[in-house]
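For reference, the chains in residue letters:
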Amino acid sequence: MYRVDIAADLNDEDETGYVWAFLDEARDPAQITPGALVVAGDEDAAAVCQVIDLAPAGGGTIVHLRLLPGLVDDYRALVDRALAS
Amino acid sequence: MPGERIEQRPRLRAEHLPAETTLVVRGGRDTADKLRSHAQRTARAWSLDGQPLLGISVFAVLGMPLDELLSRRFATFRTIYLPTVARLRRHGFELLPTGQRPHFTVRLQRADDEELSQLLTALGSQQPNRQYARSGIWREEG
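Top to bottom, those sequences are chains A and B. Per the numbering used here, the first sequence starts with residue 1, numbered consecutively. Per the numbering used here, the second sequence starts with residue 1001, numbered consecutively.
Just so you know, the hints here were simulated from the structure itself, not pulled from any lab data.
To give a feel for the contact side, a few chain A residues facing chain B, derived at Cβ under 7 Å:
no.	residue
1	13
2	14
3	47
If you're wondering where the values come from, they're calculated on a predicted model, not measured in any experiment. Just so you know, even glycine gets a beta-carbon here, dropped at the ideal spot from N, CA and C.
Between the sequences and the hints, there should be enough to build the whole structure, so can you do that?
Below is the structure:
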């Protein structure tokens, strides 16, 4: 069960080839800025993504996300290794 | 500044629709509520011929083997749906060539309970994704 930074269907892509989501479906839209690393998806399927850009559409703002490799759990393991004394 | 819906008609790829036997991949787990939410999100962002476009995303197995597509695009999904194009059409769903090949949008008309139930039936049963967790990140053994 994941708690995501921004709700998205990770199947979604547009002509950019990136996953897209709506900024107003982010828990804290202020954190969604180009280059930021976020967890996107839903409670069942989530992924670490990098914010590419934000663009107006559909009465809101669309966020383009680059899917990064690996599972969310892999990143926790990576950070744990890096911070181990 | 908020923008208008993105009209998809001029953006649809000019290509023949996949053969009936072509497999289509969607990462799951889906429920009627999730599908409704995804379809409504698409309709908020996209239009077709000036009308909100209700739809969900799938990828056709075109131009690369299934395992390569799963590995490249679906490694974060424990389970997937794997219907054929024919199965989706038999249940009344149209495929639109949106985004970059091999992405398609399965078009819905109403996204009401009846149609969403039909869509779940058309997607078929969930299957384990054999490329799940084939990570690009090094894992420490043990």
